[in-house]
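Residue numbers (my numbering), protein chains in the order written: chain A, -14 to 401; chain B, -14 to 401.
Note that these hints are calculated values from the structure, not bench results. Glycine included, each C-beta is placed from N, C-alpha and C at the ideal position. You may find that some hints are simply not true.
Chain B regions said to be covered by chain A (calculated; three or more residues, Cβ under 8 Å) [as the list claims (entries may be wrong)]:
#1 25 to 33
#2 174 to 181
Simulated DEER-style distance windows between Cβ atoms [to be verified]:
#3 A:Glu98 to B:Arg41: 14 to 22 Å
#4 A:Arg328 to B:Asn360: 31 to 39 Å
#5 A:Glu240 to B:Thr373: 15 to 23 Å
#6 B:Ile394 to A:Ser182: 51 to 59 Å
#7 B:Thr373 to A:Asp200: 30 to 38 Å
#8 B:Asn360 to A:Asp200: 41 to 49 Å
#9 B:Gly397 to A:Glu395: 51 to 59 Å
#10 A:Gly367 to B:Ala84: 51 to 59 Å
#11 B:Gly73 to A:Thr345: 50 to 58 Å
In silico DSS-like cross-links for lysine-lysine, where the CA-CA straight-line distance does not exceed 30 Å [claimed, not checked]:
#12 A:Lys379 to A:Lys207
#13 B:Lys366 to B:Lys348
#14 B:Lys379 to B:Lys366
#15 A:Lys366 to A:Lys348
#16 B:Lys366 to B:Lys302
#17 B:Lys207 to A:Lys103
#18 A:Lys379 to B:Lys379
#19 A:Lys366 to A:Lys302
#20 B:Lys366 to A:Lys207
There are 2 protein chains.
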Amino acid sequence: MDLDIAVLAIGDELLNGELADTNTAAIGQLLNARGYRLRESRAVPDEEPAIVAALRELAGRHEVVAVTGGLGPTRDDLTARAAAQAFGRPLVLNDEALALIRAFFRDQGLEMEPRNEKQALLPQKCTVLPNPLGTAPGFLLREGRCRLLFFPGVPVEMQAMAEIELLPRLEALSGGQPPQCERMLKIFGLSEPRIESLLAGLTMPEGVRVGFGVDFPLVHLKLRARGEDAEERLDQAEVITQRRLGEFIVARGRETLAQTVARLLTASGLSLSLAESCTGGLVAAWLTDIPGASAFLDRGAVTYSNQAKNDWLGVSKRILHEQGAVSETCARAMATGLRQSTRTDLCVAITGIAGPDGGTEEKPVGTVFIALSANDAEQAKGYRFSGTREQIRKLSACMALEWIRRYLIERGRPKT
Amino acid sequence: MDLDIAVLAIGDELLNGELADTNTAAIGQLLNARGYRLRESRAVPDEEPAIVAALRELAGRHEVVAVTGGLGPTRDDLTARAAAQAFGRPLVLNDEALALIRAFFRDQGLEMEPRNEKQALLPQKCTVLPNPLGTAPGFLLREGRCRLLFFPGVPVEMQAMAEIELLPRLEALSGGQPPQCERMLKIFGLSEPRIESLLAGLTMPEGVRVGFGVDFPLVHLKLRARGEDAEERLDQAEVITQRRLGEFIVARGRETLAQTVARLLTASGLSLSLAESCTGGLVAAWLTDIPGASAFLDRGAVTYSNQAKNDWLGVSKRILHEQGAVSETCARAMATGLRQSTRTDLCVAITGIAGPDGGTEEKPVGTVFIALSANDAEQAKGYRFSGTREQIRKLSACMALEWIRRYLIERGRPKT
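Build out the structure end to end from the sequences listed, making use of the hints.
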């Protein structure tokens, strides 16, 4: 009983390049985790005829349509009007919605702007969906065999409402039976064709399908199955895959590489310091995005100038002068110097040329050195990455995290 | 002569929550900058019937369809096969495409995996579109009055090919006349309804329309016009808006707040140091994402531990003990301490509680202090932000950048 679900995202900003549509991805992730699947997503601009046409088409084709955006207080927020138009209902001032909007402003101790009243103009005979985080209430319409749920476009509001309002309704509609299960393995250091080659000879349990995705620089490997014992067959498939790809699997499920590393660091009880040059704080920013990073992160140094490398990391002027800031010797000195001065258990250093300028014949753009220092280990290595500045920075930051991950696994294989 | 353009993005990963569809946004941005407009975008999974149906529908409705994804070498890459199926053409081994793939591997000094040959199986009578950055060539089909251009899903490859292959064809089709012009103003510190209220009384030049978008925590204000003298009317509209919103406009066009700040810093010749606690390197990561950041950035300190604040920023143990690390006094000490020890011209410090834990009654989650130190200025201020950890960190980092921007403007109004 595979529910047929679609998303309609409304907003000029999704089509003119201002914003990527992260709401569809967020809904897809929520659904996927519960075994539901999005069949289609569309984006249309803030234009009533386009919204009306898309609503009618999607309502005619799918059982559930999640609509995001266009519920705000300004003139280009047209979704409620378009929904009324699409399904031949009058637009009426909804008392329940108005009360919710008033209450929101009261609770925040704010004065309600008159234009926010517009957000209570909804199609007749809809069910109001409260918005716990913002002014725009959502609403639900039944149209033939289709249920359309309208959510605001602000991502945090949309997400909260989708969890509260969408998921329980899907569960009721599908009789509580998730139609598909999925396992996600995130791989770093192997290309997609290389992974497919490595897996080609393996016999997977019956009905388990393999899919791929890319989230640069990681490859996402998806194992999928349907039916009663899907979870058990996926367990087996995961073991088989793990045996072949081994340590190239750097994270699983919704966990990111940074989250995996943060979890391993927390479990290890080790303290960490970071010395970043070309990545400019990216590793620190990724790790501190995770709640609880203060448990392991002592500090990070973004040392762009040579003076900073000398002051904070103790890199000698001789090394900087003779080998240069982008060298294996310098990376090693950065890591050992910072670890010693901070008395942290573990330090990782990154120095390189992210480009687009600054490359030389001997050290072209993409030349990156990484070093790790711990009381029982000291490693340094050079890489030649290719790509844009952003890609080289991301690849360098992921590689630094991967060094930490492998060190922690080697060190004592803490429970993952 | 407004061309009717749509995007079809293909890939399970766009619907199951793994990835947000950034390709549509990238194409939207390319088109928008040239005055073209995307009328619709769709995403469908890696399933042949879904791809076939979407291709037929879109080809019947639009003049140009840009298709992304599904050209890779693996089994779930089905786009070429689906295109052949959709328009009743056989799938043939395209010699031109095969030669391009072979040449790509040769140029990279790599061996071609046998499965990459699959990428040369294309619908009969298509035009091959070379891929300068990857193995998957694209292709173009004419079907009735519609031109369909197929690009790989890897963002850098797609983007390079869209610039080379899509834009010149659009220009030819539309006779060189951009159908709409747009100006984008990025606003920080005013809500969308507040901006609409402020602009409500103004008389805009004829035919200039105002639109809104949100890229948290910024609001994007878009001024749009069509026709012969569109650029002049937009110039006037921009002056009118600037007069009303003034310094709340923090960036224009494709420039981000960080890019604006980097440009102003470079022009000022001042050196910068950063002391980040709750933002954990986010400001440094944003600024160093910009080529040439080494011209102004001396260093950044991610000082999570109190010891780090003491060592590197010279914050006294007394302040840390009596006022706490999250206090105006501490922020001020961080900024002045780092500026003095590094002899940089400008230092900004951020300390706060990003949550979700760590808040107290007196200092709840969202309490953030920012301080700026320069030889002619010293400021510090506390904020109470609300939102998720990610939002509080972003808001704090934007506010820090905004402090730098306002300081540089006050200081001597360098040419923006």
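The hints, checked one at a time:
Restraint check on the stretch 25 to 33 of chain B versus chain A: 7 residues with Cβ-Cβ distances below 8 Å, three needed, restraint holds. Beta-carbon proximity to chain A at under 8 Å applies to 4 residues in the stretch 174 to 181 of chain B; the threshold of 3 is reached and the given coverage holds. A hinted range of 14 to 22 Å for the beta carbons of Glu98 of chain A and Arg41 of chain B is inconsistent with their spacing of about 46 Å. For Arg328 of chain A and Asn360 of chain B, the Cβ-Cβ distance of about 34 Å falls inside the hinted range of 31 to 39 Å, so the restraint holds.
Distance hint for Glu240 of chain A and Thr373 of chain B: a CB-CB separation of about 18 Å, consistent with the stated range 15 to 23 Å. Between Ile394 of chain B and Ser182 of chain A the Cβ separation comes to about 57 Å, which falls inside the hinted range of 51 to 59 Å. Hint check: Thr373 of chain B to Asp200 of chain A, Cβ distance near 21 Å, so the stated range 30 to 38 Å is violated. For the hinted restraint 41 to 49 Å between Asn360 of chain B and Asp200 of chain A, the CB-CB distance of approximately 45 Å keeps it satisfied.
At about 55 Å, the CB distance of Gly397 of chain B to Glu395 of chain A agrees with the hint of 51 to 59 Å. In this structure the supplied range 51 to 59 Å is violated for Gly367 of chain A paired with Ala84 of chain B, their Cβ-Cβ distance being about 35 Å. With their beta carbons about 55 Å apart, Gly73 of chain B and Thr345 of chain A fall inside the hinted range of 50 to 58 Å. Between the alpha carbons of Lys379 of chain A and Lys207 of chain A the distance comes to roughly 23 Å, so the proposed pair stays at or under 30 Å and holds.
Distance restraint check for Lys366 of chain B and Lys348 of chain B: the Cα-Cα separation of roughly 14 Å lies within the 30 Å cut-off, and the hinted pair is therefore satisfied. For the hint pairing Lys379 of chain B with Lys366 of chain B, the CA-to-CA distance comes to about 17 Å; that is within 30 Å, so the pair holds. A distance of roughly 14 Å separates the Cα atoms of Lys366 of chain A and Lys348 of chain A; the hinted pair therefore holds under the 30 Å criterion. A C-alpha spacing of about 21 Å is found between Lys366 of chain B and Lys302 of chain B, which places the hinted pair at or below 30 Å, so the restraint holds.
For a cut-off of 30 Å, the pair hint linking Lys207 of chain B to Lys103 of chain A stands: about 22 Å separates their Cα positions. A threshold of 30 Å between alpha carbons decides the hint, and for Lys379 of chain A with Lys379 of chain B the separation of about 19 Å falls inside it, so the pair holds. Between Lys366 of chain A and Lys302 of chain A the alpha-carbon distance is near 21 Å, which keeps this suggested pair within the 30 Å criterion. Restraint check for Lys366 of chain B and Lys207 of chain A: the C-alpha separation of about 48 Å exceeds 30 Å, so the hint is violated.
Hints 3, 7, 10, 20, counting from the list given before, are not met by this structure.
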